[in-house]
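Enquirer: The chain contents come next:
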Amino acid sequence: MVMAAGIGTDIFRAFLQGAPPGGVYALIALGFVLTYKTSGVFNLAFGAQAYVSAAMYFKCRTVWGWPILPSFIVSVLILAPALGLLLERLIFRYLRTASAVAKLVVTIGLSVAIPNLFDIILNFKAIAGRTPEGIVSNGANVFYDPFGVYQFSRNELVTMGIAVVATLGLLALFRFSAIGLQMRAVVESPRMTELNGVAADRVSAFAWGLSSLFAGLAGVLIAPRFNTLAAADFFYLVVVAIAAAAIGRLVSLPWALVGGLGLGVLTALINTFLPRWSDSQTWLKPLQDNLAPAVPFVVLFITLVFVPSLRRAKEQGDPLSDVDPPARTLGAVVRDRRATVITSLIGFGVLAVIALVVFTRADQRWLFLITQAAVLGTIFLSITLITGLAGQISLCQGAFAAIGAFTVFQMVSRWGTSVIVAALAGAVIAAVVGAVLSLPIRKLGGVWTAIATLAFAYFFDAVIVKLPFAGGGQASLITGTNVPRPVIGPFDFKDDRAFLVLCVIVFAVIGVLVVQLRAGTFGRMWVASRGSEVGAESIGISPAKLRLVAFALSAFVAALGGALMAMLQKNVNYGTNFSPFVALFWVVLVVTLSSRTVQGAAMAAASFSLFDAILLKGAIFAWLFRGADRIPGFLPISPKWVFVLFGLGAVQYARHPEGILEYSKRRQAARALERRERKLAKEPAVIEAPAPTPTEEPVP
Amino acid sequence: MSSVLKVTEAKKKFAGIVALEDVSIDIGQGERVGLIGPNGAGKTTFFNCMLGVLRMDGGTVELEGRDVTRLPVYERARLGIGRTFQRIELFPESSVRDHLLVAERVRRRTGRLWKDLLGLGRPTAEELQRADEVLELLGLSHLGDQPIERLSLGQCRLVEVGRALMTEPKVLLLDEPSSGLDRAETAALALTLKEVQAEQGFSILLVDHDVELVADFTTRSYVLDFGRMILEGPTRDVLASPEVRAAYLGNLEPTP
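Residue numbers (the numbering used here), protein chains in the order written: chain V, 1 to 700; chain F, 1 to 256.
By construction, these hints were calculated from the structure, which means they are not laboratory data.
Quick caveat: nothing in here was measured; it's all calculated off a predicted structure.
For glycine and all other residues, C-beta sits at the position ideal for the given N, C-alpha and C.
Treat the hints with care, since some could be wrong.
Below, in silico cross-link-like pairs of lysine-lysine (DSS-like), each with a Cα-Cα straight-line distance of 25 Å or less [unchecked claim]:
hint, chain 1, residue 1, chain 2, residue 2
1, F, Lys6, F, Lys115
2, F, Lys6, F, Lys194
3, V, Lys545, V, Lys494
4, F, Lys13, V, Lys443
5, V, Lys570, V, Lys545
6, F, Lys194, V, Lys545
Every beta carbon over 12 Å from chain F, so not counted as near; a handful from chain V, in silico [stated by the list, open to error]:
hint, residue
7, Ala339
8, Gly531
9, Phe625
10, Gly649
All chains, full assembly: derive it from the sequences and hints.
Expert: Structure follows, in structure tokens:
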């Protein structure tokens, strides 16, 4: 009897303990659902918006020492809605009819760009170890214990209260107000709504302002839970919020609230009970600390896979979306063959010169950066495969790469396996993981595939990395995850120049294979399936198989690149190299430049590795004017500009999914064609009718 | 005349509402069969059940005597159920010829990953030849290299037909081919289809609103109304029957 009462108390305590973080999750989920419901945008940048308000509040309160109220007004009531309105006015207004996947990519870019831009503008730097303050004085230190089992802090109570009030307010808005009804109509079809005389622009601007206010509110309320303010933590929170929102199928506000609270409580329950079971069940031990933080991702993944209405909710496009032109082909396809040959010859010539200079002149630092670019290029080719060729957005390429790196670390340190064999083994393991991962998500639409892979990436991050047989567990924190350089026959790649050659060769080989694949059966089936999945099915193409092959190949390539990265740095360095937030930036870079071509992957890798060193630190001026003292005074500028520039560059994905490189090629080709036609027009004899001749035969 | 596509007592419910109630159809070799019915009669539902897009709650689908009820869409397509779409479902990044080539490769089942990686995955001379033959047949030869965005709707429909033909279908299901086309375009499409069918000998099931097209194109028709097959027979008789008039126009009684 005593025993039973004990368990009852424990469960009750877990409920109370889980309620405040649950309320936090619910708040973000509400804001997220609000954006989704009213503007149809799957807003991953929601975390960035929350970060901006939290950082602003921190700056006002802690750095400038303002009182609570003005800090709150500036950061939440003014800055947050302003940011939302700005995003709507400058970006999302023009993307209303874009596909859901395109909008998702834009928000991924923004979630990288916004926090960095804020940091640059306000010269903001989080103070490490300084916990942000809440919106009530002494919120973390005053406790109330209404039931005698759990002490609520003042911050926690305020958070829960605000979550409840906000939900009720939102529900009332949607149910009872004219603007609520209009917001719902705009989601269905902005064009239809406009035809009915509603100013869709104004409605969606209102929605963005409101949801951004939510983001700001959530950000400021959540901040006290972190030791140090970091944009990555806020991104993580959005993924948690998506899990909560997914329980409500992303459209139900009350269910989002329930989902958020539920996640909080479930986590608390696991935290309470798992340690007790693992006393008797020793195999649970390694999971004990890591399972609780992974709960939202497991829930998210399971929800995506097993809730049929989500699975079936493929992109429900705007009923009037047919009026938009279809996606573009590769620049090379429309371009004159001669022009293509000439540019690629010039390109290879420039590369040869660069290679020569690197080999004769580069010091260790430059060698490292350039080798890193070659290795990243290999990893980015995995994004070319999955996104450029197969048309899926995968956000777990970091996890695949990490599998390669960890496999080399484990096999070499445990069994002394050859480094090359271990790297190949890692690639095969990753390919199997990729293939298996593709099975449960084979029927998900584009956006949901992206979210499912993100859930997997965070699950990997929270659980797998911490396991002794994968990331090395506790021991690796002390001893590190050492990875040696390979030795092949007479070649010892300890030498940095030799290793660079190896990395370039791997990149080139995989690049050639990608080109072959694009021209082959699978490449053409991917083009078909990317264009119209039902169309592809109608001629006997299995979408599930295509997806499986794409994920397996992509994971293989990513893991190979990951293994090379670990060899380059002689350490896995999971956090800086492969964490989900880092991998997010990879996708941004590649889709911004060009996800379709090998050249795009190479340029993206060069940008990641060298943009800061060459342009922002001004090395290029030192080379051009021969002397380090000739670098202009305004340099170096913040390396954060890389994130801002490319993050904002991803915005163009919605209009030009082929990327900046291909877009500029197409434009040049179009101009050349125009010039030629103008020339022809002067000699009327050679004019050809540009319009396609009709095929229909006359009706008898 | 042997049966090519046979559906027996198809049943389908959506959240308790009966969409199809024991609907049966039987299409013989080389036949041109029509399926008509007013809006909401269940034509599209039935169409999707035959193709495997929707799973039936009861009944069977047989293709040349083989039960395909449990097979997914793409396997039915491989076995010989071809289709076109009411809303064009072409591949926006492919040229007209590419559409046919990819279908041909899938039919031949010669695509292998290792061949692709070795650069052996490009279209073969045989495949190119067959694609050109079909383009010729449909009168699309001069458009082979054009991207889809340059084509008219009627031409897009023909490309869909061509893509389906490459799979060597035993039966071709046409989903409202006349939608969006004017009278002349529809007639031209019908003419081309008749010619091609005469040469290749597959069967056609035409689902359409355009009574004139159905009358001209099909020899036998089925009429679906409120989820039930209310009539079946030679198209001429079916279209003249009072049931069809009632189904299409409603009972011609003065409203109170």
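Enquirer: Against the structure, test the hints numbered earlier, and report the numbers of the ones violated in rising order.
Expert: 1, 3, 5, 6 and 8
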